[in-house]
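Visitor: All chains, please: the whole structure from these sequences, using the hints.
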Amino acid sequence: MDIDQLTADDLKSLLTLYKEVTAHLNQNGVHQWDWLYPNRFVIGADVKRGTAFGVREGERVVGAVVVDRRQSGNYNELSWTDQTGDPACIHRLAVHPAFQGHGIGKRLLQFAEQQARTEGCTSIRLDVFTGNPGAVGMYRKAGYADVGAIRFPMRKEPYLCFEKQLFP
Numbered sequence: 001m002d003i004d005q006l007t008a009d010d011l012k013s014l015l016t017l018y019k020e021v022t023a024h025l026n027q028n029g030v031h032q033w034d035w036l037y038p039n040r041f042v043i044g045a046d047v048k049r050g051t052a053f054g055v056r057e058g059e060r061v062v063g064a065v066v067v068d069r070r071q072s073g074n075y076n077e078l079s080w081t082d083q084t085g086d087p088a089c090i091h092r093l094a095v096h097p098a099f100q101g102h103g104i105g106k107r108l109l110q111f112a113e114q115q116a117r118t119e120g121c122t123s124i125r126l127d128v129f130t131g132n133p134g135a136v137g138m139y140r141k142a143g144y145a146d147v148g149a150i151r152f153p154m155r156k157e158p159y160l161c162f163e164k165q166l167f168p
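For the sequence shown, the UniProt record's numbering assigns the number 1 to the initial residue and increments by one for each residue that follows.
Mixed in with the good hints, there may be bad ones.
[Unchecked claim] Here are the simulated SDA-like cross-link-like pairs (lysine to any residue), alpha carbons at most 20 Å apart as the crow flies: (1) K156 - Y37; (2) K106 - M1; (3) K12 - Q71; (4) K12 - T22; (5) K106 - D2; (6) K106 - S123; (7) K106 - D86; (8) K156 - V136; (9) K106 - R117; (10) K19 - R117; (11) K156 - S72.
[Stated by the list, open to error] Here are the simulated distance ranges between beta carbons: (12) D4 - K141: 18 to 28 Å; (13) Q100 - H31: 28 to 38 Å; (14) N26 - R151: 13 to 23 Å; (15) Q165 - G73: 14 to 24 Å; (16) A149 - R69: 15 to 25 Å; (17) S72 - H31: 13 to 23 Å; (18) G120 - H31: 30 to 40 Å; (19) E59 - F167: 31 to 41 Å; (20) A98 - P133: 15 to 25 Å; (21) P153 - A45: 33 to 43 Å; (22) F152 - G29: 10 to 20 Å.
Just so you know, the hints here were simulated from the structure itself, not pulled from any lab data. By construction, the Cβ of each residue, glycine as well, lies at the ideal position given by its N, Cα and C atoms.
Guide: Structure follows, in structure tokens:
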């Protein structure tokens, strides 16, 4: 399975992916996403900016990740290692429940790192819901270092922030 930049033609399938992943997370007691987020405006903007990438099974998007330089203002509270470089950020990494456990998440993460390198970024930053131990473990296993925790409005649990230095 290739990882490609997603286009407006993929938007409906991408929205379905996030809806189905959100339902699966909630069924498993992981309440990181809901009807407010991620929403069609956020996802549509990712596609429009050309920062959404995904894995397709036929015409269906079964995995996705966003790589850009957009950071939450909450990130300013943290002591990042990369203070003088050009960090990229990973957002909304998701794999359809029927395709989980096959390395797609890991491949999307590796792709995001390579995409950031290609764009000249010096590190990658991200936040992950503390109530999602699978995601937290994946980032730690991939060499991401804990930087601290932040909170988002209407979220009961904090989000851990991670950083990984990128070397050429």
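Visitor: Hints broken by the structure, by number, lowest first?
Guide: Hints 3, 7, 10, 13, 21 contradicted; others consistent.
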